[in-house]
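Enquirer: Spelled out from the first residue to the last, the chains are:
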Amino acid sequence: MRMRTIKPWWVIAAFFSGLAFAMFAEELILSTQESRLEFAAPRVHFLVGKPLERLRNASEVPFAFKITLWSGTRTHVMREVPARFVVSYDLWEEKFSVTKLVTPRRTARHLTNDAAEAWCLQEMSQDITGVGATEPLWARLEIRAEDSKEAGLPFGRGNITDSGISLTSLIEVFSHPAATTQPHWTIETGPVTLDELRRGRRRG
Amino acid sequence: MRTLLLTGIFAVVLPIGCAPFPDGPSDDEAGPTNVNTRLIVESVQVVGQGSAKISDPLRSELGEFAGKNFDQPLLERLADRIKQELHAPEVRMQVVKGDMPDHVIVNFEIGAEREKRFDLDLARFLYHSTQGWAGQGHATVNIHENAFSFGMVSDGDRLNERYAGIQAGFERRHMFTDRLQLHFDFSSYHEQWNDATLLDAAPGDIYRTRTQFSPTATVVILDPLVVSFGVDFARYRLSLPVAKTESSNAVVSTLRYHQRWGSDKDQGEHEVRASYSVRAGTHFLESDPVFARHAADAHYRFRRGHQDLSIGFLAGKISGLAPLFERFVLGNAETLRGWNKFDLDPLGASHVVHGSIDYIYRGFLVFYDTGAVWDRPDQREQKQSLGVGCKKSGFQLAVAFPAKSGTVDPVFYAGMNF
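Going down the list, the sequences are from chains A and B.
Here our numbering is used: the first residue of the first sequence is 1, the next is one more, and so on.
Here our numbering is used: the first residue of the second sequence is 1, the next is one more, and so on.
Looking at chain A on its own, in the form it has when it is part of the complex:
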């Protein structure tokens, strides 16, 4: 019986493809700054595609952010923090402006694309006073671009006309899942402890 051997170049190809995947995978990076847990996601870009198209057409685009933290075990949700940001793009300066909708509002102006994205994440930092140094932590970041258009409503404008209800339009609306019309991003990281983060070891 003849033994089949694995060619060495297959091993090398598998290694490099794994490495490439790891390098380009979207990741959530955690770090600590005194008693605050900070987030960064340099490979996640939400000011792209349709939202960017709307921004470059002078529209403002609201984004919904949500940070979820688990501590101890993955089933124990320590905190869920939602926030809303409104991004706009100055047509003449070609710079972004971001407003966090809290009271009082916080606004950053004259930002580049990357800086605007980073500012939103900075604003999501969390106070972690009371969290044990060796307690495992998991974190998830969800981002959704919101669209105020009502085209997705089953009885929205356009589906009812003078000639009656267009059943075809309704079928079309229901055949598309909501997720496909709403740009969204979800990234997670963990488990990681505060000790590890303070030692400067970042987990992806």
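Derived from the structure by calculation, the hints contain no laboratory data.
Incorrect hints may appear among the rest.
Claimed, not checked - No farther apart than 27 Å at their CA atoms in a straight line, the calculated lysine-lysine pairs in the BS3-like style are these: (1) B:Lys97 x A:Lys50; (2) B:Lys97 x B:Lys83; (3) B:Lys97 x B:Lys68; (4) B:Lys83 x B:Lys53; (5) A:Lys50 x B:Lys83; (6) B:Lys83 x B:Lys68.
Claimed, not checked - Some chain A residues well away from chain B (every beta-carbon gap over 12 Å; in silico): (7) Glu27; (8) Thr32; (9) Val48; (10) Ala58; (11) Met78; (12) Leu91; (13) Ala133; (14) Glu142; (15) Arg144; (16) Pro183; (17) Pro191.
As the list claims (entries may be wrong) - For each label pair, taking beta carbons as the anchor points, the in silico distance ranges come out as: (18) A:Gln33 x B:Ser60: 16 to 24 Å; (19) B:Met100 x A:Lys50: 26 to 34 Å; (20) B:Pro101 x A:Pro191: 52 to 60 Å; (21) A:Arg43 x B:Val47: 34 to 42 Å; (22) B:Asp80 x A:Arg36: 40 to 48 Å; (23) B:Gln384 x A:Glu53: 54 to 62 Å; (24) A:Pro191 x B:Ser43: 55 to 63 Å.
What you are looking at is a predicted structure, and each value in this text was computed from that prediction instead of being measured.
Here a beta-carbon is modelled for each residue, glycine too, at the ideal position from N, C-alpha and C.
Following the hints, position chain B against chain A.
Expert: Structure of chain B alone, referenced to chain A:
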């Protein structure tokens, strides 16, 4: 020397200070979230199919935006109004840099109608507590400028007969020019009759089946004035012991007017629809009954904010002997609501006058109808009715009360597009 030094320092520092460096976050701001609100609208333009049809008030409102700060929500509302006024499937707002610094040009692009190759429509649906159910649905196949439709209908509301059967049609929307359209409509029905009608009718008046074929042409004379003309060939099998088929072949002609102006934002939106039609059954077309049917109707509608006022008027006259399906009926879900049409005239009438007022506030509807049907002048008696209900997006649900002495006999109805 000191002055020169200071001037030099200012000359270097001042431009650096004014350059758009990233700002740190600033608190306590309650201003607009869109940074483009600082920009000034240089001009507003509407481009695309039908842009020339925009009403004068809306056009002047568009012009008023020039010189003002960019306001996205207001401009989006304006796009909605253009879409409504032109019945456009889509109006896209494109904002581009203007010729002057910090100015923008707003372009509203009217999207071309996306052709639906296949469409299903529930064109009409109604439940009436004394007349039962009525419904009409269509399937349409569009191939370029041609539309082929097939539908089914069962209606016991519009006429004094319940007709149920099939409808088919062909429409050519563009015949050499946008101003000319062709229609071919075919229908085949089975009839059911109310006892009151059977009691009053002569044996030769009642038919069991009816088939109609109607080729017509529509010409846009001078927008918004449209004229349709053609012929209507109807054959109906009488309910006699000896089967007999008669024909009612008529020349048909209709003049229509539809105009809308204003906006529902400030001064209110006005809409007028009016039509006059004549149908003449003639021996020239080998018609058995010879008649002339004249009908005129007009509707005025005023909308402002949550308020909606409609006033309707209908008048008609038939000379000669027309078949029952041509005769005028009052006392259904659209006219003299609350009255029973079989009590008013079980055979339909040769004369009609009707008026109605509907007022809707936030979907809450109140209405008043008045009218009369008669064959001879001594039969003419004005009837009135009142009703309340709700109406939203084509759906309607209402209770109507005939204004008469004696028992109060309310009629309930619910449905869509009737």
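Enquirer: Against each hint, give a clear statement of whether it holds in the structure.
Expert: For each hint, the structure was consulted:
| no. | hint | result |
| --- | --- | --- |
| 1 | B:Lys97 x A:Lys50 | 20 Å, holds |
| 2 | B:Lys97 x B:Lys83 | 24 Å, holds |
| 3 | B:Lys97 x B:Lys68 | 15 Å, holds |
| 4 | B:Lys83 x B:Lys53 | 12 Å, holds |
| 5 | A:Lys50 x B:Lys83 | 22 Å, holds |
| 6 | B:Lys83 x B:Lys68 | 23 Å, holds |
| 7 | Glu27 | 25 Å, holds |
| 8 | Thr32 | 21 Å, holds |
| 9 | Val48 | 19 Å, holds |
| 10 | Ala58 | 4 Å, violated |
| 11 | Met78 | 26 Å, holds |
| 12 | Leu91 | 6 Å, violated |
| 13 | Ala133 | 30 Å, holds |
| 14 | Glu142 | 21 Å, holds |
| 15 | Arg144 | 17 Å, holds |
| 16 | Pro183 | 19 Å, holds |
| 17 | Pro191 | 32 Å, holds |
| 18 | A:Gln33 x B:Ser60: 16 to 24 Å | 57 Å, violated |
| 19 | B:Met100 x A:Lys50: 26 to 34 Å | 30 Å, holds |
| 20 | B:Pro101 x A:Pro191: 52 to 60 Å | 54 Å, holds |
| 21 | A:Arg43 x B:Val47: 34 to 42 Å | 40 Å, holds |
| 22 | B:Asp80 x A:Arg36: 40 to 48 Å | 44 Å, holds |
| 23 | B:Gln384 x A:Glu53: 54 to 62 Å | 58 Å, holds |
| 24 | A:Pro191 x B:Ser43: 55 to 63 Å | 58 Å, holds |
Of the numbered hints listed earlier, those contradicted by the structure are 10, 12 and 18.
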